[in-house]
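K.L.:
As a plain string of letters, each chain reads:
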Amino acid sequence: MTTDFDDQHRVIDRPTWSARETSEGDQELSLREDTDAAALGREVGAVLRLEDGKVLDPSQIDFDRPDDETMIINMGPQHPSTHGVLRLMLELEGEVVLRTKPIIGYLHTGMEKTGEELTYVQGATNVTRMDYMSPFHNETVFSMATESLLGIEIPDRAIWIRTLMLELNRLSSHLLWMATNGMDLGSTSMMIYGFREREMVMSFFEKTTGLRFNNNFVRPGGVAADLPDGWEDDVAVICDTVLARSFEYDDLLTGQPIFRERTEGVGGLTAEEALALSVTGPLLRSTGVPWDLRRSMPYLAYGELDFDVIVGTYGDNFDRYALRLAEIRESIRMIRQIVEKMPTGDFRIQDPKVTPPPRGRIDASMEALIHHFKIFTEGFKVPEGEVYAAIESPRGELGCYMVSDGSSKPFRMHIRGPSFVNLQVLPLLLRGGLLSDAVACISSVDPVMGEVDR
Amino acid sequence: MGLEDLPHNFLTGRVEDLVKWARRSSVWPVTFGLACCAIEMMAAGAADYDLSRFGMEVFRNSPRQADLMIVAGRVSQKMAPVLRQVYDQMMEPKWVISMGVCASSGGMFNNYAIVQGVDQIIPVDVYVPGCPPSPETLMHAILTLHEKIRTGEITKRRAEGRPLEIEVPSSSPWVPGNPQAVQIGTPR
Amino acid sequence: MTEISIGALRGVPTTAGAGVDQIAFPDRAGYAGVIAGIKDAAFEMLVDLCAVDYLGHPGRTLPDGVTPERFEIVVNLLSLSAKRRVRVRVQVPEADAVVDSLFSLYPGSEAMEREAYDMFGIRFAGHPDLTRILMPDEWEGHPLRKDYGTGRVPVQFKEAPGPR
Numbered sequence: 001m002t003t004d005f006d007d008q009h010r011v012i013d014r015p016t017w018s019a020r021e022t023s024e025g026d027q028e029l030s031l032r033e034d035t036d037a038a039a040l041g042r043e044v045g046a047v048l049r050l051e052d053g054k055v056l057d058p059s060q061i062d063f064d065r066p067d068d069e070t071m072i073i074n075m076g077p078q079h080p081s082t083h084g085v086l087r088l089m090l091e092l093e094g095e096v097v098l099r100t101k102p103i104i105g106y107l108h109t110g111m112e113k114t115g116e117e118l119t120y121v122q123g124a125t126n127v128t129r130m131d132y133m134s135p136f137h138n139e140t141v142f143s144m145a146t147e148s149l150l151g152i153e154i155p156d157r158a159i160w161i162r163t164l165m166l167e168l169n170r171l172s173s174h175l176l177w178m179a180t181n182g183m184d185l186g187s188t189s190m191m192i193y194g195f196r197e198r199e200m201v202m203s204f205f206e207k208t209t210g211l212r213f214n215n216n217f218v219r220p221g222g223v224a225a226d227l228p229d230g231w232e233d234d235v236a237v238i239c240d241t242v243l244a245r246s247f248e249y250d251d252l253l254t255g256q257p258i259f260r261e262r263t264e265g266v267g268g269l270t271a272e273e274a275l276a277l278s279v280t281g282p283l284l285r286s287t288g289v290p291w292d293l294r295r296s297m298p299y300l301a302y303g304e305l306d307f308d309v310i311v312g313t314y315g316d317n318f319d320r321y322a323l324r325l326a327e328i329r330e331s332i333r334m335i336r337q338i339v340e341k342m343p344t345g346d347f348r349i350q351d352p353k354v355t356p357p358p359r360g361r362i363d364a365s366m367e368a369l370i371h372h373f374k375i376f377t378e379g380f381k382v383p384e385g386e387v388y389a390a391i392e393s394p395r396g397e398l399g400c401y402m403v404s405d406g407s408s409k410p411f412r413m414h415i416r417g418p419s420f421v422n423l424q425v426l427p428l429l430l431r432g433g434l435l436s437d438a439v440a441c442i443s444s445v446d447p448v449m450g451e452v453d454r
Numbered sequence: 455m456g457l458e459d460l461p462h463n464f465l466t467g468r469v470e471d472l473v474k475w476a477r478r479s480s481v482w483p484v485t486f487g488l489a490c491c492a493i494e495m496m497a498a499g500a501a502d503y504d505l506s507r508f509g510m511e512v513f514r515n516s517p518r519q520a521d522l523m524i525v526a527g528r529v530s531q532k533m534a535p536v537l538r539q540v541y542d543q544m545m546e547p548k549w550v551i552s553m554g555v556c557a558s559s560g561g562m563f564n565n566y567a568i569v570q571g572v573d574q575i576i577p578v579d580v581y582v583p584g585c586p587p588s589p590e591t592l593m594h595a596i597l598t599l600h601e602k603i604r605t606g607e608i609t610k611r612r613a614e615g616r617p618l619e620i621e622v623p624s625s626s627p628w629v630p631g632n633p634q635a636v637q638i639g640t641p642r
Numbered sequence: 643m644t645e646i647s648i649g650a651l652r653g654v655p656t657t658a659g660a661g662v663d664q665i666a667f668p669d670r671a672g673y674a675g676v677i678a679g680i681k682d683a684a685f686e687m688l689v690d691l692c693a694v695d696y697l698g699h700p701g702r703t704l705p706d707g708v709t710p711e712r713f714e715i716v717v718n719l720l721s722l723s724a725k726r727r728v729r730v731r732v733q734v735p736e737a738d739a740v741v742d743s744l745f746s747l748y749p750g751s752e753a754m755e756r757e758a759y760d761m762f763g764i765r766f767a768g769h770p771d772l773t774r775i776l777m778p779d780e781w782e783g784h785p786l787r788k789d790y791g792t793g794r795v796p797v798q799f800k801e802a803p804g805p806r
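Residue numbers (this note's numbering), protein chains in the order written: chain A, 1 to 454; chain B, 455 to 642; chain C, 643 to 806.
Hints listed in this document are in silico derivations from the structure and should not be mistaken for laboratory results. Mixed in with the good hints there might be a few duds.
Claimed, not checked - Simulated pairs of lysine-lysine, DSS-like, Cα-Cα distance not exceeding 30 Å:
(1) B/K548 to B/K602
(2) A/K381 to A/K353
(3) A/K409 to C/K788
(4) A/K353 to C/K788
(5) A/K341 to A/K409
(6) C/K725 to C/K681
(7) C/K681 to A/K101
(8) A/K341 to A/K207
(9) A/K381 to C/K788
(10) A/K207 to A/K101
(11) C/K725 to A/K374
(12) A/K341 to A/K381
(13) B/K474 to B/K548
(14) B/K602 to B/K474
(15) A/K353 to A/K207
(16) A/K374 to A/K409
(17) A/K341 to C/K725
(18) A/K374 to A/K341
As the list claims (entries may be wrong) - Short derived list, chain B residues pointing at chain A, Cβ under 8 Å:
(19) K532
(20) V540
(21) P583
(22) H594
(23) L597
Stated by the list, open to error - Computed footprint of chain A on chain C; a stretch qualifies when at least three of its residues, placed anywhere within it, have a C-beta under 8 Å from a C-beta of chain A:
(24) 724–735
(25) 747–760
(26) 767–780
(27) 785–796
C-beta atoms are modelled at their ideal positions from N, C-alpha and C, and glycine is treated no differently.
I would like the entire structure built from these sequences, with the hints used as guidance.
P.N.:
Below is the structure:
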């Protein structure tokens, strides 16, 4: 079908699956006959350069399968089970998934560009909204990178408060994961239970930081405010309640035959595939690799805490579920140790160039007023340099690569989002499974689209 | 077709009240959670801030079955056509709550990637401030929407060319465009 | 931190850095070979690949023998067995912004290289599917470049009531 418009416009004379009103093109999944061998191999989930026997043999990919046996469907971006605005194009034969192509970018916010426009003091507000399930982790990695460039050491109490908040955040993130994972597998009660527990942690965050989440609490130089009086009792109540209820989740899910059938053996991943695809976090640990930055490259106060690194065996969905449930219990164990070991002292560094003065002193002292003014309008200058700081977020290795040019705004702030890299594992997990297993696999990868798209 | 063509008299006035009561008691939202506000929306639907007491705990996944679109989160340039498509697929009567500052005005992200306010694309009934708005704020917005449904008009009034919305006299302290029953603050 | 000797880094200018053992500065021709050598030295995982645009900041400190260019590709690698990190920085000129792709060595770099292409316009030779990943497909321009504006819209107050 040719028309006069051939030269200027691309004529679509075969069906493509781009939505008519959206502006999509090459990011989509094309028909099998239009895809070359290498692309087909990738979309089927074959990972190159692995040892023989572990990789999908290209001769096993049936290029000549007639196209009327398969169907390309679109899943998302508005979908209840894709954990945010993830779009998946799937090629199905019946209910069996053959090829997958994730298309992201539906939540791209230009946060790295915005990070270059905001000062280091304001930067935490921007970074915290990337991985909105674990905002403290984003703020911490940003602050750690800034402090490394500044060459300052934060006081002990600030380190321990940060560790406490990070572990509480891991708790709330994993509880929300249990809730949404349960919901995706059909258990609405798990959704309610997860949110009920999470509300306790949220109200503690609101008491300490002022906001339920996306709190601008961890800042370069320490934390924004001290813990409130009576925080030990609040945290103890959270720990006791969540630990007791985590055994209720065992009753609800772990032993239940339908749950086990739906998760065991589904979405299996091997350690070689995970390492080749740069996967980190619970996804990597479920394959058997005991890599946890809190243990292997300790930061903050993790060197002084006693905890286990949970490792799975088969790399399937059930391993990841059990791993995260065990990590909830390990976090509770760590939080109890932090409550015992919390030192007294300053909650932020007493350097007047970095930390704003307390509000009361502004009326009394002219220097305090000037420092306050300079910090909040111009920001503090950071010496030239570059640094890569990484911590273990609930989803994997969260890194911040920051380049400074000596001014008060970062020259380049790049956040290595673990979900962005972990999503590459989806074609592997989904291949050969049913469509309902696809929902379970996406959920067990635990993507947060805010840090995928940034 | 439908109620809009009926003239307003004593009987249809009662019918109108019944229809408005039915409409505001079971507003079913479509799942349009985009970013952080989606988590607060889910928390509003969960146990502690129960949306089920307003009849709204069923988040319909298909826009064809939904009445309300709560745009929860920042709308990027790539997502904007999808948003419009989902809104067009909803059936009348439909309402839109723009939840959070990112959906209302672009929020803290005034850059190339974010649509500066979802009302550039779809008409919005209620704007909710907050980053993210706490579930109580979202519930206040939902109650405001219920007031708007309760005080809106469906059947035709006698005077020709009379607008469907309640006219606010110019001497009133209310901002033009808001139904009179809704104040800034808690609805009475 | 003691420096571990990686055979592939012989002859390549290196410096020390915060949080890494070494930062290597190979040229574009030797880049893929250096990364292959690092992989053979038991650096199993490529953690991060990103690009930086040095348009407004030419006077940065580089070791001798490294000519600064507009773009830089920064690769962070991790050895799980030795618990070490290493960083590699390659200078990429603006006129001929092409670099070898690391997909054949580390398949996990696929999405990261697509993002660098989308945001900076740097092409990766040998990448299997170099298309935009974050922006819509027919977006023009590469947003994270320094000469691409933020795109701020002047704040509009919609339907604000006038003075009463």
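K.L.:
So, for every hint listed, does it hold in this structure?
P.N.:
Status of the hints after comparison with the structure:
1. B/K548 to B/K602: This hinted pair holds, its Cα atoms lying about 12 Å apart.
2. A/K381 to A/K353: 9 Å, holds
3. A/K409 to C/K788: 14 Å, holds
4. A/K353 to C/K788: Within the cut-off at roughly 28 Å; holds.
5. A/K341 to A/K409: 36 Å, violated
6. C/K725 to C/K681: Holds, at about 14 Å.
7. C/K681 to A/K101: 28 Å, holds
8. A/K341 to A/K207: Since the Cα atoms of A/K341 and A/K207 sit roughly 21 Å apart, the hinted pair holds (cutoff 30 Å).
9. A/K381 to C/K788: 20 Å, holds
10. A/K207 to A/K101: 43 Å, violated
11. C/K725 to A/K374: Violated - the C-alpha atoms of A/K374 and C/K725 are around 41 Å apart, more than 30 Å.
12. A/K341 to A/K381: Status violated; Cα separation ~34 Å.
13. B/K474 to B/K548: Holds - the C-alpha atoms of B/K548 and B/K474 are around 13 Å apart, at most 30 Å.
14. B/K602 to B/K474: Distance of about 10 Å is within 30 Å: holds.
15. A/K353 to A/K207: Between A/K353 and A/K207 the Cα gap is close to 28 Å, so the pair holds against 30 Å.
16. A/K374 to A/K409: Measuring from Cα to Cα gives roughly 13 Å; hence the hint holds.
17. A/K341 to C/K725: Given that 30 Å is the threshold and the Cα spacing comes to 28 Å, the pair holds.
18. A/K374 to A/K341: Violated, at roughly 36 Å.
19. K532: Result: holds, 5 Å to nearest chain A Cβ.
20. V540: Nearest chain A Cβ about 5 Å off; hint holds.
21. P583: Given a least distance of 14 Å, the restraint on B/P583 is violated.
22. H594: Where the cut-off is 8 Å and the nearest Cβ of chain A is about 16 Å from B/H594, the hint is violated.
23. L597: Violated: closest Cβ of chain A sits about 20 Å from B/L597, beyond 8 Å.
24. 724–735: holds (count 3)
25. 747–760: Contact hint for the stretch 747–760 of chain C vs chain A: holds, 9 residues under 8 Å.
26. 767–780: holds (count 10)
27. 785–796: Holds, because 4 residues of the stretch 785–796 of chain C bring their Cβ atoms closer than 8 Å to Cβ atoms of chain A.
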